[in-house]
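Generate the whole structure from the sequences, applying the supplied hints.
Take the sequence shown: its letter number 180 is residue 196 in my numbering, and every next letter is one higher.
Accuracy of the hints is not assured; some may be wrong.
What the hints assert, rightly or not - Subject to a maximum C-alpha distance of 25 angstroms in a straight line, what follows is the list of computed SDA-like cross-link-like pairs (lysine to any residue):
no., residue 1, residue 2
1, 184, 142
2, 184, 158
3, 184, 242
4, 190, 241
5, 190, 161
6, 184, 161
7, 190, 166
8, 184, 110
9, 190, 226
10, 184, 169
11, 184, 221
12, 190, 211
13, 184, 162
14, 184, 209
15, 190, 242
16, 184, 173
17, 184, 154
18, 190, 165
19, 190, 214
20, 190, 203
21, 184, 139
22, 190, 220
23, 184, 249
24, 184, 201
25, 190, 229
26, 190, 249
27, 190, 141
What the hints assert, rightly or not - Label-pair ranges, simulated between beta-carbon atoms:
no., residue 1, residue 2, range
28, 346, 61, 41 to 49 angstroms
29, 61, 200, 44 to 52 angstroms
30, 158, 342, 46 to 54 angstroms
31, 18, 215, 41 to 49 angstroms
32, 205, 144, 23 to 31 angstroms
33, 278, 158, 37 to 45 angstroms
34, 207, 156, 23 to 31 angstroms
35, 207, 305, 25 to 33 angstroms
36, 215, 150, 42 to 50 angstroms
37, 63, 126, 28 to 36 angstroms
FYI, nobody ran anything at the bench for these hints, they're computed from the structure.
Beta carbons are placed, not taken as given, at the ideal position from N, Cα and C, and that holds for glycine.
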Amino acid sequence: MSHTICAIPGDGIGREVIPAAVAVLQAAVPDLRVEWADSGFETLERTGEALPARTLQLVEGTAATLFGAVSSPLQPTPGYESAILALRRRLDLYACVRPVRGFAPASHADLIVVRENTEDLYGGGEESDGQRAVARRVITRAASQRVAHLAFGLARRLGRRRVTIVHKATVLPKTCGLFREAVLEVARDFPEIAVDEMLVDSAALRLATQPASFDVILTTNLFGDILSDLATMHAGGLGLAPSANLGDRAAVFEPVHGSAPDIAGQGIANPLGAILAGAMLLDHIGEHAAAAAVRAAVTATVTGPTRTPDLGGAATTGEVTQAISYQLMADG
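Pasting the structure below:
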């Protein structure tokens, strides 16, 4: 079955790692069709829009989207909203899924962080008069329950045995308390999956020191953002971290790293996070064998001599991409 996906390079190194990832995906699935689209701060500067209507239509109309990275100015810029945040909001991509698996033999990390993706402190609503600033935190039962259904459903489908609810209900009893209560209600529908809970500070320490003690972590937007970045230390850093933004209408897959303007254009960006995000995309569209082959090729490459500088090597983006493509052909 032929599939059409959307590819959005975005800004900075996104323009290097997304073409690399697409090349690998097409090596794994030769009849995969790709529609290219623009988005990001550079697109705003060039066209006056950070998220053009055509891009939004392609994201909605294709099987899935591979997104690179976006740059965001440090100061408010009229007319600009982060393109990935805009996609999450407009398409209601309510769950962020970030798997973490260690590639080194000594690493025992094999966990998934599922993060509610639409509300919490990331929902907007900051106010400041220059002397006092206030941020509004919104947690709803409906959003908490739907991300819980997705997390427990994912655990069931992948054969995961436990979901850990991470919160801070001791200090935030209204907001975190509501999240905790809503998730526990959903957990009753999945009796075969064990449930435990942990305060976010304890979870951070445990995640840093004992990652193998986690299976699936389910948490709120801000906590999930921080914990999933922390967890990447067990996978080799942000350069090896993929993620998925999932909703009922669309799915957008992206590397966790940013646009890295300090190395953009030098040809040394690590494409593995984008390639692993591409493997998640392949699983999403039903190309499971190809997804497994891509992951195996990444593992063979990252444990070999062809590595980018962030992983202690001297290889270029293109050389790493070529090594993975060769591995796919050898295994095929």
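For each hint, the structure was consulted:
{"no.": "1", "hint": "184 - 142", "verdict": "21 angstroms, holds"}
{"no.": "2", "hint": "184 - 158", "verdict": "19 angstroms, holds"}
{"no.": "3", "hint": "184 - 242", "verdict": "14 angstroms, holds"}
{"no.": "4", "hint": "190 - 241", "verdict": "21 angstroms, holds"}
{"no.": "5", "hint": "190 - 161", "verdict": "16 angstroms, holds"}
{"no.": "6", "hint": "184 - 161", "verdict": "17 angstroms, holds"}
{"no.": "7", "hint": "190 - 166", "verdict": "23 angstroms, holds"}
{"no.": "8", "hint": "184 - 110", "verdict": "21 angstroms, holds"}
{"no.": "9", "hint": "190 - 226", "verdict": "30 angstroms, violated"}
{"no.": "10", "hint": "184 - 169", "verdict": "24 angstroms, holds"}
{"no.": "11", "hint": "184 - 221", "verdict": "14 angstroms, holds"}
{"no.": "12", "hint": "190 - 211", "verdict": "21 angstroms, holds"}
{"no.": "13", "hint": "184 - 162", "verdict": "20 angstroms, holds"}
{"no.": "14", "hint": "184 - 209", "verdict": "22 angstroms, holds"}
{"no.": "15", "hint": "190 - 242", "verdict": "21 angstroms, holds"}
{"no.": "16", "hint": "184 - 173", "verdict": "28 angstroms, violated"}
{"no.": "17", "hint": "184 - 154", "verdict": "14 angstroms, holds"}
{"no.": "18", "hint": "190 - 165", "verdict": "21 angstroms, holds"}
{"no.": "19", "hint": "190 - 214", "verdict": "17 angstroms, holds"}
{"no.": "20", "hint": "190 - 203", "verdict": "20 angstroms, holds"}
{"no.": "21", "hint": "184 - 139", "verdict": "19 angstroms, holds"}
{"no.": "22", "hint": "190 - 220", "verdict": "22 angstroms, holds"}
{"no.": "23", "hint": "184 - 249", "verdict": "23 angstroms, holds"}
{"no.": "24", "hint": "184 - 201", "verdict": "18 angstroms, holds"}
{"no.": "25", "hint": "190 - 229", "verdict": "28 angstroms, violated"}
{"no.": "26", "hint": "190 - 249", "verdict": "32 angstroms, violated"}
{"no.": "27", "hint": "190 - 141", "verdict": "18 angstroms, holds"}
{"no.": "28", "hint": "346 - 61: 41 to 49 angstroms", "verdict": "43 angstroms, holds"}
{"no.": "29", "hint": "61 - 200: 44 to 52 angstroms", "verdict": "47 angstroms, holds"}
{"no.": "30", "hint": "158 - 342: 46 to 54 angstroms", "verdict": "48 angstroms, holds"}
{"no.": "31", "hint": "18 - 215: 41 to 49 angstroms", "verdict": "48 angstroms, holds"}
{"no.": "32", "hint": "205 - 144: 23 to 31 angstroms", "verdict": "42 angstroms, violated"}
{"no.": "33", "hint": "278 - 158: 37 to 45 angstroms", "verdict": "41 angstroms, holds"}
{"no.": "34", "hint": "207 - 156: 23 to 31 angstroms", "verdict": "25 angstroms, holds"}
{"no.": "35", "hint": "207 - 305: 25 to 33 angstroms", "verdict": "32 angstroms, holds"}
{"no.": "36", "hint": "215 - 150: 42 to 50 angstroms", "verdict": "24 angstroms, violated"}
{"no.": "37", "hint": "63 - 126: 28 to 36 angstroms", "verdict": "42 angstroms, violated"}
In this structure, the hints that do not hold are numbers 9, 16, 25, 26, 32, 36, 37, in rising order.
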